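Participant: Sequence:
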Amino acid sequence: MRIPSKGGIKTLVAFGIKSCAAGVLIAVAVGLFSAFTLVSDDASALNGWSESTDYAVYFPRSNGDDLQAIKDGTDGISKTVAERIYPELDDRGGIYVEAADMDVVGDDPVLPYVQMSVNTNYLEKYPILDSSGKPIVVSNEETDWVIAVPESLKDREDLIRDYVQESRNGPSDSDVEYSEANGYEVSDAVRKQKVRIIWTQTGQDLFTFNTQIRPEEGNTLPDPIVTVMTRSNTIASDWENTITGEIDTPMKVRVDGDPEKVYQELLPLFEKYKLDDNFTALVYPADAINEQFSLSSEDARWLITASVVAGVLTVVLSIVAVVVAYERWRVHSAIRRLHGYSRLKSFGEVFAGLAMSWLLLIPAALVAATSFYVLGGHVVIPEYFHPLVLLDEWPTLLAVTGSVVLVEAVIAIAVVMVFDRRHPALRLKEI
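Residue numbers for the sequence shown follow my numbering, beginning at 20 and rising by one.
Hint data in this document are derived by calculation from the structure and do not stem from the laboratory. You can trust all of the hints, since none of them are fake.
List time: in silico SDA-like cross-link candidates among lysine to any residue, alpha-carbon distance up to 25 Å:
1) LYS144 with GLY222
2) LYS144 with GLU170
3) LYS29 with ILE338
Source: prediction; values computed, not measured.
Assemble the whole structure, with the sequences as input and the hints as a guide.
Facilitator: As structure tokens, then:
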């Protein structure tokens, strides 16, 4: 077995360290792109929501005294909110709207995707028209599972009904099964619940109250299938997402222009269930967006600094790696030059080693991102470095990787040209 020379080992180590630094640069650069995207989205959302003063959201959510329980998944906050807090917020006129922007194409067998879930207060504020042009009315005493479906989907009525019925109280993977497994009380009425379809006019754009959904279209969804949830047709688990502490939390608390007053009125209820340390502020959506904008801007500044440092380090290590490889192969190069090889061709091993190191760039970036994500808030901003986020931004990932490859190639050519021109006579003496 051939043992690599010391020069060969040095070359491998140099290229390996260079690839690690480049991987960090790629991970940070893609994270920076994500941060700038969030800053841009927050700025756009801020412009569209500045006039909204009728409703407010609990933002942000704090760990309070429940940090360890949250880590263990035993805090029970969502369950308490669903069972104890939602009814009061609903009575006060709060709007519950949970929306997802999903595209359904062709004859997908899992059609339909229910894109919105709302409470009856939503219908009063944002009417949905039935097929005759009248606002649909659903009372809080309704016990059927109501879905509002565009009349353009009438030819799929059986498919829609069966799909929703199975999801609601079917024998497996249903809402009922989930609720029972998580300790929620399920009434006999819900176990026997039937799906009722209300056909709606096509061509309706429904407001989602979600800053991330089609901001260019006023945060609306075109002709969504809507679940209308009432106090009588739901299980408490249906309201688990009532307050998430995020800007787009489903529950919009009615405040009529005075969120601080409403916060103080609700505070005893939150104190009773020991949630006052988790939800410490009730703010307008625009204020929440503004705070998120500030946080995203700080993240972007941190990532810019990290990108510059990683970029400088990558350039320096690229130069060092090429110099080490150059020194390893300079005698071979001199011999080849005597046989008519061009300067660049005579250093084929240097460029081959560089090219091999490029195969490590994306894996190194994924390892770096995963490491940053695992380290979490101790030294980095974790949400930008989840490996799946990195892969989801694959066009940016490839563009950044390509840029790094191009820069390293230019550096390698420049280093070889400069060093080889300095002492050509010395190279010949070493043969």
